[in-house]
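Engineer: Below are the chains, spelled out letter by letter.
Number of protein chains: 2
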Amino acid sequence: MLSNHLQNGMETAKLLWSRLPNSDAEEDGEAVEELGRYGKSDGTSVESLDYEVIENYAYRQEQAKRGKLYTGYSVAVKWFFALLAGIGTGLAAVFINISVENFAGWKYSLTFDIIQKSYLAGFLVYMLINLALVLSSAYIITNFAPAAAGSGIPEIKGYLNGIDTHGILLFRTLIGKIFGSIGSVGGGLALGKEGPLVHTGACIASLLGQGGTTKYHLSSRWLQVFRSERDRRDLVTCGCAAGVAAAFRAPVGGVLFALEEVTSWWRSQLMWRVFFTSAIVAVVVRTAMGWCKSGKCGHFGSGGFIIWDISDGQEDYSFQELLPMAVIGVIGGLLGALFNQLTIYITHWRRNYLHKKGNRVKIIEVCIVSVITSVISFGLPLFRKCTSCPEADPNSGIECPRPPGMYGNYVNFYCSNKKEYNDLATIFFNTQDDAIRNLFSAKTVHEFSAQSLLTFLVMFYTLAVVTFGTTVPAGQFVPGIMIGSTYGRLVGKFVVSFYERLNIEEGTYALLGAASFLGGSMRMTVSLCVIMVEITNNLKLLPLIMLVLLISKAVGDAFNEGLYEEQARLRGIPLLESRPKYQMRNMTAKEACGNQKVVVITMLYKYNCFY
Amino acid sequence: MLSNHLQNGMETAKLLWSRLPNSDAEEDGEAVEELGRYGKSDGTSVESLDYEVIENYAYRQEQAKRGKLYTGYSVAVKWFFALLAGIGTGLAAVFINISVENFAGWKYSLTFDIIQKSYLAGFLVYMLINLALVLSSAYIITNFAPAAAGSGIPEIKGYLNGIDTHGILLFRTLIGKIFGSIGSVGGGLALGKEGPLVHTGACIASLLGQGGTTKYHLSSRWLQVFRSERDRRDLVTCGCAAGVAAAFRAPVGGVLFALEEVTSWWRSQLMWRVFFTSAIVAVVVRTAMGWCKSGKCGHFGSGGFIIWDISDGQEDYSFQELLPMAVIGVIGGLLGALFNQLTIYITHWRRNYLHKKGNRVKIIEVCIVSVITSVISFGLPLFRKCTSCPEADPNSGIECPRPPGMYGNYVNFYCSNKKEYNDLATIFFNTQDDAIRNLFSAKTVHEFSAQSLLTFLVMFYTLAVVTFGTTVPAGQFVPGIMIGSTYGRLVGKFVVSFYERLNIEEGTYALLGAASFLGGSMRMTVSLCVIMVEITNNLKLLPLIMLVLLISKAVGDAFNEGLYEEQARLRGIPLLESRPKYQMRNMTAKEACGNQKVVVITMLYKYNCFY
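Sequence order for the protein chains is X and W.
Residue 262 in our numbering sits at position 262 of the first sequence, with consecutive numbering throughout.
Residue 573 in our numbering sits at position 573 of the second sequence, with consecutive numbering throughout.
It is worth saying that the hints were derived from the structure and are not from the lab.
Incorrect hints may appear among the rest.
[To be verified] One-sided excerpt, in silico: chain W residues whose CB lies under 8 Å from chain X:
id: 1; residue: 127
id: 2; residue: 251
id: 3; residue: 496
id: 4; residue: 499
id: 5; residue: 525
id: 6; residue: 526
id: 7; residue: 529
id: 8; residue: 530
id: 9; residue: 537
id: 10; residue: 539
The structure displayed is predicted, hence computed values, not measured ones.
Backbone N, C-alpha and C define an ideal beta-carbon position, used for all residues, glycine too.
Start from the sequences, fold in the hints, and give me the full structure.
Structural biologist: As structure tokens, this is what we get:
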């Protein structure tokens, strides 16, 4: 695929140069391409893409040759491909969701059955299932699709900003991403499937834009209408938004994510098509959910369009609450920045030391992490003593302990008494979606003890840092929400005790905590805000989410850059910042070059290269 | 204020030219300014603004002189002003809302009291109060603040794209806008207060950016830190978003509106500050609403953060419903495009014929429109026969007929029977907010007869077209929502009868209708979608709103341009389109100039001008 691009580029370039050898407009474009090729021959895996339409004689002549019909046709194809990207991403998301929920559901129900007899056997089964799933994921990634490791968002961000990383949009990467994230998420690691889904959407869109993949003979000549990198990039932007829309079931959030986070080449007419793709995803996902409601999808049955509905939560807030909320924002900024910093260190260490030793070491590393995760998530709840159930509120519809085989609050893990539950198991020994739902849940005051929340926070934070950067597909959204909602709920506990008012819900603080951690780590504003509202279905908290995000982003920015920017830099993907750094204001070009070796591309070299 | 700008510009320009007389970078900037001045001396009221930072020797020297402290100070001031713009706009919105609701509430309760005795006296009082309010508004606009007429959004759009219309951001325009829209909306005309609020927000921000107004000695030297047009424009963008956030209580919608509709000069770091301003507005408005809940604001008591809450509406939808929803989209596109076209004709006629005759004619025109509106809104319900109340559902909490002095469904207008209501009066003889709430309301199947809805649609559509362009502040959002929700509810009635399923709500279709008309007329996508969700608090309908908007925008685009673009063109505000028209692809500069007189600005003229 890359060589294909390159060849096209060469041919186009030749055509251009034969026409207008002295045009200024091309010089820049060519220079960039030149540098890209230069870099490539040097062994680095980064290549430049040229998104600028070069308005020259040849281009104008080609435009003039094309009739109005052709323009109509090409617009129709663009929209049709946006539709296909939406449907494809929606279906991929549904497939991943159903698989993960079924693997996880089957795992937990089996484990619960076995621990009625023996805890040790239960633990072994639990650990082995996790290990098998994670191992399969790591095997796929290391042997089949190395570019599918990690979240993929930094690479996609790079691609949309004009930097092509080797292999990120291949067909094998797509397959690796889908099956890899089923394994890694189903295997209970401290990572999410949302980031990978964004990458999946981008892959699907890119493959469509190329008219299939040449390697597996799935290519078709008549689909190859997208001549320019620019059209392909537009479609990948659509795919990216589709990924977010499918991952969070948040269509508007998807559009904004693409707008705010990934594209620096935004065009206003693109918004319109991205919007369309997101709407298609919403309809596809909603249709699949409706189909699953009748029980045809196994353990995946409770899904609605909104993932963690807390619309029955807190309606109102008083001014006194703004202080603890600001505290949550500050904590989020600090912990988020710390998370970014720790992941930089650990990624650096992995790249320069551990992962140089080959695939075997990578797989062993993932397996060790999986076993540690299993031990902690199974073992720690055993050390917590059981809590007796609160008095049942018939209106809330929450049962304590929850019936076997169901989802919900108040997990009875090993408690012998039938009216007891284990609060740490409720969040730790559970699927991530359920754990978040429990943390966000309203009308469950003091369900979790401060001790359990703190234990979970420390343990899960450590696990998330350690897991980040292993050779499996890994998103940071869900772990971020888990971490954030834990300390949010902790603050909420104190607020409830301190203010002693009835309408304060701990779940509200958990939501704000989740927003604050994501804001402190990823540094997004509007898109994150919309995503948080869309996934929790509570518009009334919007101003509070906004304020918490403002604080956490501001605090985080004082320490380091956002997670994706830092990771992109570590991977050697150069991203142009939206504004120059302060110290650059007084610098001259001479100072910037300093002691580095400067490569001068003379016109002569350029001509030599082409002829 | 303008002359002030101009003088600053002259001085800066002199400095620049004395340094670098041959710089290419400035030539463009100066040429634009030159043209602007040229245009102005010619008598047209449009002036160019230069937003580009000119990186030259002088600029760099100034930057180098400034310490890090100064940079910090200027950033802090920018944020502080964004805060002030948010607070100011929020307070202005609350003031307008409270005033309008009190005037209207007082008017309706007085009229209802009087019509118990005499219909004629009731009508006269109703008409005279309306007339007095509208007259005061028209008087303020014609004699005090002519630039405050209309919605102001096309002008603000122009400003943010680099075109300054004379007088749109003056202090007197701000005052005229606030008091004018209280009069025109309180007086029951077919227009809204949302567009003017956007203008109000922009005015407040602009005045802050200039450090107050010089004319009324409210200026302060130490506040004049915003040296460049660019900083002022950023602040005005914040003000604009604040206006939308305050008008619809939709903070995210405000950010997106500013992003999608008004700025072509978007910078990513601006989003962050705009977001902050919107959050501040949300907090200010929410605080004021909370304060009003205890009954301190007279008739204004029912306001919450969400204007028209339909969160208890339809939860789900079936595939069969997509067809009528698509039909709503098509109707919206057609009616919206027709609305744009009719308003072009009527605005054209007004500008070239009617409004040339002086202020007296303008005032008389508004008064005639007011009387016609009063006659129709009072008279038509009299011709409808009363409908008997449906069987009361104790769970819905809706009383029929509604108790006197309250807001809600089922208005008993002249019905003698106590268990009857007048469906046309429920939407026509009511404040717009209440009418929309009634149209959106769930659990009120068949409250409105098809005949009443059709009558209202035709009459209100005509009134909205006629009212548009009169010399009062006038927004198009609320009339658009009224029109759209009427035919939406009409379609909903047929759907309910046809499919005969219980969970279909007419209110859902009313909401989709409102979205479709706004989409068909204003041609916004993401921001409108978010605004619709934020004002109705129903996230579950998001995919449907997206699809309806897509259809209505596509249908509307087939006929003409969006309302704001068309109006901007009529006002002679040149907006640069985001992409060139198809026929421009093959054109040369020679063809474009054609028969028009070409003004050539020689370098000599330029030098002569400055020295």
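Engineer: Determine for every hint whether it applies to the structure shown.
Structural biologist: For each hint, the structure was consulted:
1. Because the beta carbon of residue 127 of chain W sits about 39 Å from the nearest beta carbon in chain X, more than 8 Å, this interface hint is broken.
2. For residue 251 of chain W, the interface hint holds, since its Cβ comes within 8 Å of a Cβ in chain X; the closest pair sits about 6 Å apart.
3. Here the hint on residue 496 of chain W is broken, as its CB sits about 21 Å from the closest CB of chain X, past 8 Å.
4. Taken as an interface hint, residue 499 of chain W does not check out: its beta carbon lies about 16 Å from the nearest beta carbon of chain X, beyond 8 Å.
5. Interface hint at residue 525 of chain W: satisfied, since its Cβ lies 5 Å from the closest Cβ of chain X, which is below the 8 Å cut-off.
6. Interface hint status for residue 526 of chain W: upheld, as the beta-carbon distance to the closest one in chain X is roughly 5 Å, under 8 Å.
7. A distance limit of 8 Å between C-beta atoms decides the matter here; for residue 529 of chain W the minimum to chain X is near 6 Å, and the interface restraint holds.
8. Contact between residue 530 of chain W and chain X, as hinted, is supported at the beta carbon level, the nearest pair being about 6 Å apart and thus within 8 Å.
9. Interface restraint check: residue 537 of chain W against chain X, minimum CB-CB distance 5 Å, threshold 8 Å, status holds.
10. The restraint placing residue 539 of chain W at the interface with chain X holds, with a minimum CB-CB distance near 5 Å, inside the 8 Å limit.
The structure does not agree with the numbered hints 1, 3 and 4 stated previously, though it agrees with the rest.
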